[in-house]
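Protein chains in written order, with my numbering: chain A, 1 to 258; chain B, 259 to 577; chain C, 578 to 870.
A couple of the hints might just be wrong.
What the hints assert, rightly or not - Restricting the straight-line Cα-Cα distance to at most 30 Å, the calculated cross-link-like pairs of lysine-lysine (DSSO-like) are: (1) K671(C) x K153(A); (2) K195(A) x K140(A); (3) K55(A) x K366(B); (4) K110(A) x K140(A).
Claimed, not checked - With beta-carbon atoms standing in for the labels, derived distance ranges: (5) T572(B) x I854(C): 42 to 50 Å; (6) K610(C) x F409(B): 37 to 45 Å; (7) F409(B) x G72(A): 53 to 61 Å; (8) F435(B) x H184(A): 46 to 54 Å; (9) P92(A) x A348(B): 35 to 43 Å.
To be verified - Beyond 10 Å from chain B on every Cβ pair, some chain C residues (computed): (10) V589; (11) A637; (12) Y694; (13) G711; (14) K744; (15) F747; (16) A773; (17) T777; (18) W840; (19) L864; (20) F865.
Everything labelled a hint here was simulated from the structure, so no lab data went into it. Just so it is clear, CB atoms sit at the ideal spot from N, CA and C, and this is done for glycine as well.
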Amino acid sequence: MSAILETVGVGRKYGDFVALEDVSLSIAEGELVSIVGPNGAGKTTLVNVLTGLLKPTAGVVRFRGEDIAGIGPVMLARRGMARAFQLVHIFPAMSVGQTIAVAVISQEWKGLSFFRDVSRDESVRARVHEVASIFGLEKKLETEARHLSQGEKKLLDIASAFALKPEVILLDEPTSGVSSADKHGIMRNVVDASKKAGVKAIILVEHDMDLVAEYSTRIVALTAGRVLADRPPKEFFGDPEIVAAIVGRMVGRLAKEA
Amino acid sequence: MRTAVGVLVLASLAALFALPSVLSAYYITLVLPAVAYAIALLGFNLLFGYTGLLSFGHALYVAVGAYGAAVLSSKLGIKSFELVLLLSGAAAVAAAIPVALLSVRYEKIFFGILTLAFGMLFHSFLFKFYDITGGDTGIRVLRPSLFGNEFKDLDKTAFLVGPFYYYCVGLLAVLGFVMWRIVHSPFGLHLVASRENRRKSEYLGVRVRFFRLIAFSISAFYCAVGGAILAINTGQADPELAYWTHSGELVFMAVLGGFANFFGPLVGAFTFIFLKSELMGITQFWRFWLGLTLIVIVVLFPRGLVGLGQDLWTRLHRQ
Amino acid sequence: MTSFFDIVLGGVFHAAVLFLVAAGLQLVFGVQKIVNLACGSFYALGAYFGISAVNWAIAAGVPPALFLPVLVLSGILLGAIGPFIEALLLTVYKRDEAFQLLLTFALVLMFQDVLRYFWGANPQQLGDIATQYGKIVVGTLQVPTYNVLVILASIAIALGIGAFLQKTNFGRILRATAENREMALALGVNVRVMYASVFTLGTMLGTVGGALVVPTAAASLDMPVELVVEAFAVVVIGGLGSMRGALVGALIVGLMRAAAISWYAELEMLAIYLVVIVVLVFRPAGLFGKAVE
Numbered sequence: 001m002s003a004i005l006e007t008v009g010v011g012r013k014y015g016d017f018v019a020l021e022d023v024s025l026s027i028a029e030g031e032l033v034s035i036v037g038p039n040g041a042g043k044t045t046l047v048n049v050l051t052g053l054l055k056p057t058a059g060v061v062r063f064r065g066e067d068i069a070g071i072g073p074v075m076l077a078r079r080g081m082a083r084a085f086q087l088v089h090i091f092p093a094m095s096v097g098q099t100i101a102v103a104v105i106s107q108e109w110k111g112l113s114f115f116r117d118v119s120r121d122e123s124v125r126a127r128v129h130e131v132a133s134i135f136g137l138e139k140k141l142e143t144e145a146r147h148l149s150q151g152e153k154k155l156l157d158i159a160s161a162f163a164l165k166p167e168v169i170l171l172d173e174p175t176s177g178v179s180s181a182d183k184h185g186i187m188r189n190v191v192d193a194s195k196k197a198g199v200k201a202i203i204l205v206e207h208d209m210d211l212v213a214e215y216s217t218r219i220v221a222l223t224a225g226r227v228l229a230d231r232p233p234k235e236f237f238g239d240p241e242i243v244a245a246i247v248g249r250m251v252g253r254l255a256k257e258a
Numbered sequence: 259m260r261t262a263v264g265v266l267v268l269a270s271l272a273a274l275f276a277l278p279s280v281l282s283a284y285y286i287t288l289v290l291p292a293v294a295y296a297i298a299l300l301g302f303n304l305l306f307g308y309t310g311l312l313s314f315g316h317a318l319y320v321a322v323g324a325y326g327a328a329v330l331s332s333k334l335g336i337k338s339f340e341l342v343l344l345l346s347g348a349a350a351v352a353a354a355i356p357v358a359l360l361s362v363r364y365e366k367i368f369f370g371i372l373t374l375a376f377g378m379l380f381h382s383f384l385f386k387f388y389d390i391t392g393g394d395t396g397i398r399v400l401r402p403s404l405f406g407n408e409f410k411d412l413d414k415t416a417f418l419v420g421p422f423y424y425y426c427v428g429l430l431a432v433l434g435f436v437m438w439r440i441v442h443s444p445f446g447l448h449l450v451a452s453r454e455n456r457r458k459s460e461y462l463g464v465r466v467r468f469f470r471l472i473a474f475s476i477s478a479f480y481c482a483v484g485g486a487i488l489a490i491n492t493g494q495a496d497p498e499l500a501y502w503t504h505s506g507e508l509v510f511m512a513v514l515g516g517f518a519n520f521f522g523p524l525v526g527a528f529t530f531i532f533l534k535s536e537l538m539g540i541t542q543f544w545r546f547w548l549g550l551t552l553i554v555i556v557v558l559f560p561r562g563l564v565g566l567g568q569d570l571w572t573r574l575h576r577q
Numbered sequence: 578m579t580s581f582f583d584i585v586l587g588g589v590f591h592a593a594v595l596f597l598v599a600a601g602l603q604l605v606f607g608v609q610k611i612v613n614l615a616c617g618s619f620y621a622l623g624a625y626f627g628i629s630a631v632n633w634a635i636a637a638g639v640p641p642a643l644f645l646p647v648l649v650l651s652g653i654l655l656g657a658i659g660p661f662i663e664a665l666l667l668t669v670y671k672r673d674e675a676f677q678l679l680l681t682f683a684l685v686l687m688f689q690d691v692l693r694y695f696w697g698a699n700p701q702q703l704g705d706i707a708t709q710y711g712k713i714v715v716g717t718l719q720v721p722t723y724n725v726l727v728i729l730a731s732i733a734i735a736l737g738i739g740a741f742l743q744k745t746n747f748g749r750i751l752r753a754t755a756e757n758r759e760m761a762l763a764l765g766v767n768v769r770v771m772y773a774s775v776f777t778l779g780t781m782l783g784t785v786g787g788a789l790v791v792p793t794a795a796a797s798l799d800m801p802v803e804l805v806v807e808a809f810a811v812v813v814i815g816g817l818g819s820m821r822g823a824l825v826g827a828l829i830v831g832l833m834r835a836a837a838i839s840w841y842a843e844l845e846m847l848a849i850y851l852v853v854i855v856v857l858v859f860r861p862a863g864l865f866g867k868a869v870e
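Given these sequences and hints, build the entire structure.
Here's what the structure looks like:
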């Protein structure tokens with residue numbers, strides 16, 4: 001099966017500091033790949049390279065066969081990759097409906113219509129409603145984003161990314177700051193929605209090993225900027241050395257934080 | 259609520275059209291600049307209120323409109339006001355594009371300072387290059403024709419408070435409607451999104467800088483139209499129009515009326531012009547009282563007069 | 578044709594005064610993140626008040642040699658308005674920048690009439706005080722002593738501020754607050770007192786600058802709005818918030834202005850603002866500023 005998104009020998013240096021070195025991975029249709037690793041392992045750098053925000057200093061990054069090194073967020077969205085953030089990124093003064101409409105408009109290339117009333121555009125309205133109902137936000141279309149609960153803000157953030165009809169979606173700790181009861185709810189929602197919406201692959205950056213174990217089809221572990229392991233969940237959690245190297249250190253960190 | 263707003267807008271327009279039969283010519287010559295500023299503010303607020311970029315140099319485009327009217331009418335002999343508006347507006351857009359290309363790379367205070375710098379650059383050009391711009395005295399502006407009609411039987415005042423006044427109110431209505439559609443269009447929604455969260459909007463495919471460039475150009479066009487009306491009303495285009503304090507007055511009007519609301523800046527323009535002229539009639543220290551008013555608005559009523567009105571409205575309806 | 582030496586001297590003198598105002602602007606921006614449009618008003622206020630102060634001094638029989646200290650003292654005394662204005666700005670610290678800028682714009686309008694009320698609409702002049710200080714003659718070069726004293730005073734103040742920021746405890750806390758307000762709060766810095774003192778110091782720099790300039794130039798009602806434009810050029814060229822930037826920026830603007838006035842007067846502000854725009858295009862943060870975006 002051919003890869004939708006792949007990196008070949010990607011490296012990234014900041015001066016003398018090596019943030020990533022020789023990272024090669026490929027993500028194919030139908031996969032949910034989790035990227036895990038302790039803080040400072042290079043996860044954020046890798047995510048920024050994968051989303052075309054950051055140019056790698058070595059190697060290539062391809063999305064659907066095209067080089068996307070450093071193309072920036074706007075072109076990324078136009079090519080079919082969406083990103084949801086670790087910290088909620090919303091438009092505080094805009095309603096849920098408007099927020100999703102922003103994505104629908106850019107996906108339908110309507111940003112340069114100056115004279116059409118957006119609230120009367122039936123195709124936009126229908127699409128906004130469709131996306132909102134996938135995430136259970138259809139009753140809140142008129143609510144301003146800042147008045148939503150924390151979990152709803154997360155959902156809105158993800159929903160607006162979905163409205164772009166992406167082929168690949170990257171979720172950067174989608175459940176951080178959400179109660180553990182809600183975590184699974186959000187993840188199930190996202191996975192179901194992806195299937196319905198025709199998303200071909202999901203990349204998940206996550207600290208919560210429960211979620212990683214339950215939803216991933218494959219896990220990529222990073223330490224010190226290198227790929228330590230790239231395996232399906234069963235093999236990953238079945239290897240005590242890897243678990244010690246990744247999970248152990250993360251648990252240790254969590255314990256320290258607590 | 260929406261119908262209430264509609265009724266209010268139509269009533270205000272009707273009132274503006276009816277004013278000349280109620281008020282003396284003196285007051286109409288006061289309403290005229292308010293109409294001009296209202297048009298300029300419509301554009302200014304697309305950039306300030308909707309896009310979130312505070313320009314401290316938009317007087318530049320008002321001045322381009324005024325000087326455009328002056329040069330076209332008294333140096334090139336063009337009489338048609340429609341042509342004057344289009345050409346001055348186009349000149350303002352042409353002046354705005356290079357400024358915008360540089361400025362939209364920044365936000366907040368840096369955007370404000372950069373636009374102020376360009377405004378002052380233009381001011382010193384107007385002021386110092388006497389041969390081209392007439393220096394501190396500026397250039398005279400001749401009376402234009404409206405739809406090809408020169409109204410030769412009317413004297414200057416009769417022309418201004420008569421046909422020209424109605425023309426400008428009509429222009430305000432048309433340009434107001436156009437701006438209303440712009441801010442409610444997909445384009446307008448993208449502008450607001452980029453104001454609310456630039457990064458997020460980029461990840462949703464909003465071409466932030468490009469859209470801001472367009473918003474900047476549209477606002478320059480509106481300011482130039484306002485400037486052309488101002489210049490015809492006074493019969494003169496002078497460099498003070500481009501001075502930074504004049505840019506400050508534009509911001510003042512927007513905040514006075516309330517920049518978060520579509521109609522706020524319009525209310526602000528009318529209130530400011532009348533407040534200023536009334537104060538000037540009462541005391542030579544009108545700047546002091548104007549400044550004090552601004553402080554009260556900024557500190558106590560940051561949502562401006564329209565915000566204040568909205569609060570009163572909701573309070574009345576709750577009881 | 579003015580000689581090259583005179584142009585340089587005139588430029589440095591102007592730069593010395595500009596530096597004081599710009600340093601005040603930088604200090605306030607560095608700590609409070611407010612761009613104070615009223616800095617020019619403080620400057621003008623210092624100028625007018627300085628004239629009155631010297632006139633009192635003359636009436637009281639103070640010898641001319643002491644006029645310079647009288648001027649400096651009058652500027653420092655005027656700094657007393659600082660805390661009151663800061664108390665007003667306090668209401669908008671957490672608001673959008675538009676409100677902060679507009680509040681200082683309101684102050685510009687108000688001070689304009691305060692000056693008119695106390696000193697009238699006509700420009701005020703101090704008579705021939707500067708020449709009473711005589712000239713320093715070096716070979717064929719003649720230098721007005723007063724201008725040299727002002728330049729020296731400005732250098733002394735610059736060094737003083739530098740030492741104050743680098744060496745004293747208060748200065749270190751001040752810089753820390755400018756870097757990270759939350760951290761300073763967490764460390765128990767009394768931000769209220771800090772802000773009020775910084776603003777007062779900034780005001781004083783402006784009023785002293787204005788007072789020092791009146792023996793050589795008239796005070797007029799155009800002063801506040803015109804000076805803001807130059808002070809802005811200085812801080813933009815030097816970089817917002819940087820003291821070193823204020824120094825270099827003031828020298829660039831002061832020298833350029835002096836050169837333009839004597840060679841090609843049309844270019845005066847135009848040249849300065851061209852430099853501003855070139856700097857902003859190639860080094861948006863200014864020569865010594867921190868990166869923006």
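Exercise. Any of the earlier hints contradicted here, and which numbers?
Worked result: 6 and 12
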